[in-house]
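A.B. asks: If you're matching them up, the sequences are chains A and B in order. When we follow the numbering used here, the leftmost residue of the first sequence carries the number 1, and every step to the right adds one. When we follow the numbering used here, the leftmost residue of the second sequence carries the number 259, and every step to the right adds one.
Hints are computed from structural coordinates only; laboratory data are not their basis. One should not assume that every hint holds.
DEER-style ranges, computed between Cβ atoms [said to hold, decoys possible]:
1. 177/A with 576/B: 47 to 57 Å
2. 189/A with 765/B: 33 to 43 Å
3. 664/B with 189/A: 45 to 55 Å
4. 122/A with 835/B: 41 to 51 Å
5. 65/A with 542/B: 27 to 37 Å
6. 671/B with 118/A: 28 to 38 Å
7. 74/A with 646/B: 45 to 55 Å
8. 74/A with 835/B: 48 to 58 Å
Since the structure is predicted, the reported quantities are computational estimates derived from the model, not experimental observations. Using N, Cα and C, we set each Cβ at its ideal position, and we do this for glycine too.
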Amino acid sequence: MTLLSVQHLSKSFGGVAAARDVSFTLQRGEMLAIIGPNGAGKSTVFNMVGGQLRPDGGAVLLDGRSITTASPQKRFRLGVGRTFQVAQTFLSMSVAENVQMALVSCRRESGALWSSARHRYRDEAIGLLEQVGMADAADAPCSALAYGDVKRVELAVALAGQPKLLLMDEPTAGMAARERADLMDLTASIADAKGIGILFTEHDMDVVFGHAERVIVLVRGRIIAMGSPDDIRQDPEVRRAYLGDEHALEKPKGLNPA
Amino acid sequence: MDLSFLAIQALNGLSSASSLFITACGLTLVFGVTRIVNFAHGSLYMIGAYTAATLVPRLLELSFGPVTFWAGILASAIIVGLIGILIEVLLLRRIYGAPELFQLLATFGVVLVVQDLTILIFGPEDILGPRAPGLRAPVDILGRRFPSYELVLIAAGPIVLGLVWLLLRKTRFGVLVRAATQDREMIAALGVNQALLFTGTLFLGAFLAGLGGALQIPRVSAHAGMDLSIIAEAFVVTVVGGMGSVPGAFLAAIVIGQLQAFGILIFPKSTLVVVFLLMAVVLAVRPYGFFGRPEVIGGTHAVGIASRERSPFAVLAVLAVVGILAALPLIGDAYVLKVATEILIFALFAFSLQLLIGVGGLVSFGHAAFFGLGAYGAALAVKWLALPMEAALPTGLLLAALGAALVGAFVVRLSGIYLAMMTLAAAQIVFAVAFQWVDVTGGDNGIVGVWPSAWASGPTAYYLFALALTTAVVLLLMRIIDAPFGYALRAARDSAARAEAIGLNIRRHRWIAFILSGAAAGLAGGIYAFSRGSVDPTLLGIPTSVDALTMLLVGGIQTVTGPLVGAGVLHVLRDQIMPLTSLWRLVLGLSIIAIVLIFPRGIVGTLRAWQEERA
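Based on the provided sequences and hints, a complete structural model is requested.
C.D. replies: Take a look at the structure:
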């Protein structure tokens with residue numbers, strides 16, 4: 001069943017067309033990667049799906065319902081979770097409180113003035129942290145975590161909203177090679193178990209070809225290829241786009257010290 | 259109202275626009291490069307005026323003539339430029355990376371220091387400067403007489419604009435200034451000598467402020483108080499023009515000059531209001547002014563309250579403190595109780611600000627507006643409606659909450675320095691209304707005869723009354739800080755992107771925070787009005803806002819109890835030191851600077867850090 005349907009999206013900045021007639025769909029439980037050289041328009045497309053940018057034309061449908069002009073807040077309530085290229089967490093709070101905050105917001109209780117927030121939904125938050133392997137650090141200040149752990153916390157925060165669709169903008173940027181594979185394995189298993197559709201952008205081809213079920217290739221704002229990782233690897237146009245970086249499209253060789 | 263009159267008004271507008279532009283141009287250049295909003299810019303303007311008014315007559319005694327006059331003006335501006343270098347090297351250089359709040363407070367510390375030093379050096383009297391040789395006779399314009407010096411001023415604005423343009427376009431220094439304005443980190447990465455660039459920019463900025471001040475001497479006498487009046491207007495010009503934009507400042511200065519010249523005809527008493535309303539409207543439509551750009555995200559981090567383990571003794575500690583305070587009338591005399599009452603009031607005032615700054619990361623620079631609205635609301639209710647204290651206090655609170663709702667609705671769209679400037683402008687509007695609407699507010703004299711009800715009269719009764727209200731509201735606010743609402747405010751402060759992505763409505767939370775904080779400040783203001791028996795416009799002034807900020811700073815903005823301790827310490831110090839010296843502002847200014855540089859965590863924060871280190 002189609003979860004996300006992106007139809008003829010376009011966006012230009014000044015005279016530069018960052019996205020031109022971009023259309024694709026995403027199924028429940030599917031992992032779809034958007035790749036492309038720098039400046040291809042990955043982030044533009046991504047932010048139009050996430051609500052940070054408003055498209056010049058086209059539509060974004062979630063479960064058949066248009067969310068083209070909805071705010072990020074509204075999209076969250078409709079079941080869109082996201083993580084950021086540079087992890088965004090609440091650094092003045094503990095790990096558990098970060099997740100509790102998302103749960104509080106999810107239940108529309110963020111305006112409550114009287115009762116204490118310290119223990120509200122704490123058990124549920126610990127449960128989510130267990131899923132990402134961070135329950136032991138529940139009471140640590142978020143500012144004291146290693147970056148890989150912050151990314152896991154961010155994932156738990158995104159999951160707190162019980163999303164149908166999870167947007168991950170370069171989920172493994174800034175992480176060590178082993179952490180990357182671990183995080184994506186974790187993400188894949190959670191997505192699979194809960195039937196969450198995942199759209200992600202990524203520079204690391206090992207991550208892309210190791211985890212995506214389908215891949216979209218963007219070049220200069222246009223989709224030039226779409227298909228399974230194997231199709232994409234053999235596509236002559238994609239090879240041309242990545243000219244001079246042919247190793248980028250080689251099969252992953254186990255643990256690559258990248 | 260004939261044509262010649264309109265022409266003269268337009269010319270008047272242009273000449274004040276020129277003066278304003280020359281000063282504001284320096285402010286906007288300094289902001290563009292250093293990202294510091296220099297409160298002391300107005301002080302440099304004042305030093306320029308005092309220096310010229312003192313220096314030029316001496317020079318004219320040596321050799322009388324236009325050349326000497328203009329050389330004196332130029333020399334004064336250069337002297338001010340050198341003072342600018344001094345300020346950069348000694349202070350600004352150390353706070354480029356600090357949070358905005360600290361930068362604003364530190365440069366305000368310089369304002370206080372300069373105020374006292376100016377009186378010390380130039381004396382307390384206003385100094386009337388000489389008229390410009392060769393420009394004494396008025397000229398005839400459409401049958402009306404117009405001072406010829408004003409015509410020179412009208413030309414001076416575009417001349418300075420042209421020279422600054424040439425400097426920015428044709429010299430290496432100018433290229434670096436423009437590059438730094440666009441991307442400071444890039445400039446650093448390219449290996450440019452930043453220290454020299456920043457020092458040079460400060461010289462240029464201070465030179466322009468000094469020039470702006472020096473050019474005033476034939477029109478107005480140099481006087482104390484020039485600094486704050488010009489800085490408020492210069493802020494408006496830079497914000498309306500877009501911070502960092504020189505052409506924007508020029509355009510904004512012209513618009514404001516004309517608005518002032520013709521605003522007088524429509525609202526004879528409300529020129530200030532018109533100017534600040536312009537700013538409110540422009541920022542509502544274009545949040546970054548005419549030619550400004552959005553601030554780069556990820557600059558200086560908002561600092562504030564973080565989650566902490568609650569001490570098991572917290573409840574006991576609160577009970578003990580309240581108990582000791584309640585027992586104070588047993589040992590203190592009437593004077594001690596009067597001081598203690600004021601401390602309680604300011605503790606409540608500072609604490610209400612902590613909800614915005616420490617929790618929400620919203621640097622409000624005009625919190626005096628709500629304090630003053632509460633005080634005036636209560637006083638007006640007593641004077642015009644003859645309400646008793648029990649009804650007047652809630653009236654003041656309500657007025658402050660309404661004011662905060664209005665201001666908040668405008669400013670929650672803004673961030674960082676624009677929010678600080680906009681709240682400052684809002685406070686100045688309220689100040690102007692209280693000052694200029696004499697029929698209702700009593701103007702400069704304020705309102706007298708605001709006395710508490712019989713049961714709360716007398717030092718002891720009123721002290722206990724203030725203690726009860728302050729305790730109740732502070733505990734209430736502490737609960738709010740600890741509730742989901744307080745957490746949501748912190749979430750928006752820590753990461754706006756994440757807060758939005760988990761569905762938080764940031765603007766609405768901030769708006770409610772403004773209303774709550776404004777209401778609490780308004781209650782403090784009302785209690786203050788009844789404790790003194792009168793209100794006057796100083797309650798609404800910039801120094802009152804800065805008082806609250808200083809209390810936060812002294813106590814520690816990263817702590818919940820900091821503002822309460824800060825209010826106590828600052829007030830006691832003021833009470834002890836003020837009678838000993840006439841240089842209280844100098845002491846206060848230096849203290850603020852010292853705290854920013856040495857103890858940015860404040861008293862409570864520093865104590866806690868020591869405690870944690872030992873543990």
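A.B. asks: At the C-beta level, are residue 189/A and residue 765/B separated by a distance inside 33 to 43 Å?
C.D. replies: Cβ of residue 189/A to Cβ of residue 765/B: about 38 Å, so the range 33 to 43 Å holds.
A.B. asks: Has the hinted range 47 to 57 Å been met by the Cβ atoms of residue 177/A and residue 576/B?
C.D. replies: About 52 Å separates the Cβ atoms of residue 177/A and residue 576/B, which means 47 to 57 Å holds.
A.B. asks: For the hint 48 to 58 Å, verify it against the beta carbon of residue 74/A and that of residue 835/B.
C.D. replies: holds (55 Å)
A.B. asks: Range first: 45 to 55 Å. Now tell me if the beta carbons of residue 664/B and residue 189/A are that far apart.
C.D. replies: holds (52 Å)
A.B. asks: How does the Cβ-Cβ distance of residue 65/A and residue 542/B compare with 27 to 37 Å: does it lie in that range?
C.D. replies: holds (33 Å)
A.B. asks: Return holds or violated for the Cβ distance of residue 671/B and residue 118/A against the range 28 to 38 Å.
C.D. replies: This hint holds: roughly 31 Å between Cβ atoms.
A.B. asks: In this structure, is the beta-carbon distance linking residue 122/A and residue 835/B contained in 41 to 51 Å?
C.D. replies: holds (49 Å)
A.B. asks: Do the beta carbons of residue 74/A and residue 646/B sit within 45 to 55 Å of each other?
C.D. replies: Holds, at about 49 Å.
Of the hints listed earlier, there is not a single one the structure fails to meet.
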